[in-house]
Structure formats: structure tokens, C-alpha cells
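**Q** Sequence:
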Amino acid sequence: MEVLKNKKTLQDFIERQKEMGKKIGFAPTMGALHNGHLSLYEAARKENDLVISSIFVNPTQFNNAEDLEKYPRDTDRDISILKNSGLVDAVYLPQVEDIYPEKTESQRYDYDGLENEMEGKSRPGHFDGVGTVVEELFKQVKADNAYFGEKDFQQLAIIKKMVEKKLLPIKIKGVSIYRAENGLALSSRNQRLTEARKEEAKIIFETLMKVKKSFKNTSVLNIKENVNEIFQNHKDMELEYFLIADESTLKEIDQREENKSYRAFIVVNVDGVRLIDNMHLD
Numbered sequence: 100m101e102v103l104k105n106k107k108t109l110q111d112f113i114e115r116q117k118e119m120g121k122k123i124g125f126a127p128t129m130g131a132l133h134n135g136h137l138s139l140y141e142a143a144r145k146e147n148d149l150v151i152s153s154i155f156v157n158p159t160q161f162n163n164a165e166d167l168e169k170y171p172r173d174t175d176r177d178i179s180i181l182k183n184s185g186l187v188d189a190v191y192l193p194q195v196e197d198i199y200p201e202k203t204e205s206q207r208y209d210y211d212g213l214e215n216e217m218e219g220k221s222r223p224g225h226f227d228g229v230g231t232v233v234e235e236l237f238k239q240v241k242a243d244n245a246y247f248g249e250k251d252f253q254q255l256a257i258i259k260k261m262v263e264k265k266l267l268p269i270k271i272k273g274v275s276i277y278r279a280e281n282g283l284a285l286s287s288r289n290q291r292l293t294e295a296r297k298e299e300a301k302i303i304f305e306t307l308m309k310v311k312k313s314f315k316n317t318s319v320l321n322i323k324e325n326v327n328e329i330f331q332n333h334k335d336m337e338l339e340y341f342l343i344a345d346e347s348t349l350k351e352i353d354q355r356e357e358n359k360s361y362r363a364f365i366v367v368n369v370d371g372v373r374l375i376d377n378m379h380l381d
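Heads up, the sequence shown is in the numbering used here, so the first residue is 100 and it goes up one at a time.
Heads up, some of the hints might be wrong.
[Claimed, not checked] The calculated DSBU-like cross-link candidates involving lysine-lysine, where the alpha carbons are at most 30 Å apart (straight line), are:
1) 107 <-> 359
2) 250 <-> 312
3) 169 <-> 145
4) 121 <-> 297
5) 323 <-> 182
6) 359 <-> 250
7) 323 <-> 260
8) 182 <-> 122
9) 350 <-> 121
10) 270 <-> 334
11) 260 <-> 350
12) 350 <-> 270
13) 323 <-> 297
14) 182 <-> 202
15) 264 <-> 106
Bear in mind the hints are in silico, worked out from the structure with no lab data behind them.
From a predicted model like this one, the values you see are computed outputs, not experimental measurements.
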């Protein structure tokens with residue numbers, strides 16, 4: 100596996116691969132890798148000749164400087180995981196100046212309102228930061244396909260929208276949420292939790308399963324009341340929000356309509372760690 104430590108090395112590598120007609124699959128990350136990331140590379144390996152990862156903790160998508168500071172970083176460990184997986188041919192480790200050559204700031208994006216729902220309400224500018232770094236990485240890596248996990252479903256929708264509006268020559272592929280045995284969605288952030296707290300946090304997945312089971316015959320209002328009640332009985336966990344939204348617009352709904360797809364979204368704070376999850380509802 101090649102380790103590409105700056106933009107020039109990446110460009111030389113990509114040029115050689117393109118000359119050989121290689122089809123490239125790409126999965127950008129912020130590091131702190133886990134099996135959820137490896138599931139992206141497994142999906143990419145099935146559809147491409149070459150798989151590239153990137154590791155870059157993007158400063159412009161953090162609203163909170165403390166959150167940026169606390170974000171787990173261990174590049175040597177991440178490189179070791181990628182090498183041992185046998186799934187990745189190269190990893191790109193850009194410096195800040197490779198992504199932001201002049202000033203570390205975001206471009207402005209219009210995602211047709213997707214950016215104003217859910218995470219966008221409490222994290223203004225967050226998705227401008229996401230769009231800026233992802234667009235720049237797409238332009239540098241020149242991949243045919245890019246892979247993102249459905250755990251960050253809003254981010255996935257926004258990246259698809261950006262590619263559509265910017266007419267970027269790349270296909271975006273969503274990969275199912277990778278879960279621990281107890282159902283907890285794997286996340287770089289939940290590495291900050293103790294094993295005992297991770298086990299307790301399985302209530303998030305169990306709650307989503309109850310929502311999925313009851314969605315057809317229970318009103319949205321009653322479902323929300325039931326979810327609130329569950330977390331009122333778990334005082335050591337703070338339910339930041341729970342909602343059911345239209346998958347295409349991400350707008351919260353009050354009642355179901357026929358022939359539409361819906362998804363439940365939840366955010367729970369556990370010991371200062373913000374856990375997000377979601378589930379498609381039939």
C-alpha cells in the first residue's frame with residue numbers, strides 16, 4: 100500500500116494509474132478508523148481496480164474548536180489498519196495547505212435546503228465545510244466512484260446533491276451502517292466511550308428497531324412520545340433530537356403519506372460523546 104503524503108505525490112500516483120486505465124474507488128475519512136470504514140473499502144474493492152483512502156481531519160466542518168481538538172488522531176494506527184486489511188492500494192494524507200492553499204475557509208454551497216435540516220440547524224456552516232473538502236478531494240483523486248456510510252445519511256444526501264449540481268464526473272455510493280454486535284452504530288467518536296457505556300448505548304439501536312416495527316400502525320406523534328419516554332428512563336443519556344423525515348427532502352414529517360420513503364433519525368449524548376444513528380422505515 101502506498102502512503103501519499105502530499106498533493107504532488109498523489110497527482111503523480113493518479114496519473115500513472117489513469118495511464119493504465121484503472122478504475123478508481125475512493126473513500127475519504129477523518130481517520131480513527133474502525134470496521135465501519137473497512138466496509139466502505141470492501142464495497143469499493145468489488146467495483147473498482149484500485150481503492151484509495153484519505154485521512155484528513157477537516158477544520159472547516161467543526162463548529163466547536165474543542166470538538167476539533169478532541170477528535171481522535173492516530174495516523175500510524177490508521178495506516179497499519181489499512182495495510183493489514185488488504186483492501187486499500189493507497190492512502191492520501193494531505194496537509195492543510197494541500198486542501199486550502201490560500202485560506203482555511205469554506206466555500207458556500209446551495210444544497211436545495213438539505214443543509215438546513217437536522218444537523219444543519221445546530222451546526223451552521225458545517226455542510227459548507229463538508230462540501231469544500233469533499234469537492235477538493237474529488238478533484239485531486241479523480242476517482243470513478245466514491246463510498247460513504249449511511250450512518251451520516253444527511254451528509255451522504257448532501258454530497259450526492261453537490262455532485263449533481265456541480266456536474267462532477269463521479270458516482271456516489273451509499274454503504275449500509277456497520278454495527279457492533281449489540282447494534283450500536285460504529286463511529287470514530289464512540290471510541291471515547293468505555294465498554295460499559297457502549298453496551299448501555301445499545302438502547303439507541305433498540306429504540307430505532309421499536310420505531311421501525313411500530314411505524315405502520317402508530318402515529319408519528321405517538322412514536323415521538325414513546326421515544327422521549329424511553330430516554331426519560333435513561334437519565335444518564337441526553338436525547339438531543341429524534342425525528343422522522345422524508346428521505347428525499349430530509350424534512351421532518353407529522354404524518355405518513357403513501358408512496359414516500361421515510362427514515363428515523365436520532366442523536367443521543369452519552370458522557371459528552373454525541374452519537375448519531377438512523378434507520379430506514381418501511
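**Q** What's the verdict on residue 182 and residue 122, does the C-alpha distance respect the 30 Å limit or exceed it?
**A** Cα-Cα ~20 Å, so holds.
**Q** Residue 264 and residue 106: Cα distance at most 30 Å?
**A** OK: residue 264 and residue 106 at ~26 Å, within 30 Å.
**Q** Check whether the Cα positions of residue 121 and residue 297 lie no farther apart than 30 Å.
**A** The given pair, whose Cα atoms are some 41 Å apart, is violated under the 30 Å limit.
**Q** Just to be careful, I want the Cα atoms of residue 350 and residue 121 compared with a cutoff of 30 Å; is the pair within it?
**A** Status violated; Cα separation ~40 Å.
**Q** Please work out if residue 359 and residue 250 have their alpha carbons no farther apart than 30 Å.
**A** This hinted pair holds, its Cα atoms lying about 20 Å apart.
**Q** What's the verdict on residue 107 and residue 359, does the C-alpha distance respect the 30 Å limit or exceed it?
**A** violated, 46 Å
**Q** Would the pair residue 260 and residue 350 pass a check requiring their Cα atoms to be no farther apart than 30 Å?
**A** The given pair, whose Cα atoms are some 15 Å apart, holds under the 30 Å limit.
**Q** Within a Cα-Cα threshold of 30 Å, do residue 323 and residue 260 meet the stated pairing?
**A** Roughly 29 Å separates the two Cα atoms, so the pair holds.
**Q** Is it true that the CA of residue 323 sits at most 30 Å from the CA of residue 297?
**A** This hinted pair holds, its Cα atoms lying about 24 Å apart.
**Q** Can the restraint linking residue 250 and residue 312 be considered satisfied, given a maximum Cα separation of 30 Å?
**A** holds, 20 Å
**Q** Holds or violated: are the alpha carbons of residue 182 and residue 202 at most 30 Å from each other?
**A** violated, 33 Å
**Q** Just to be careful, I want the Cα atoms of residue 323 and residue 182 compared with a cutoff of 30 Å; is the pair within it?
**A** violated, 44 Å
In terms of the numbered hints stated before, the structure departs from hints 1, 3, 4, 5, 9, 10, 14, listed from lowest to highest.
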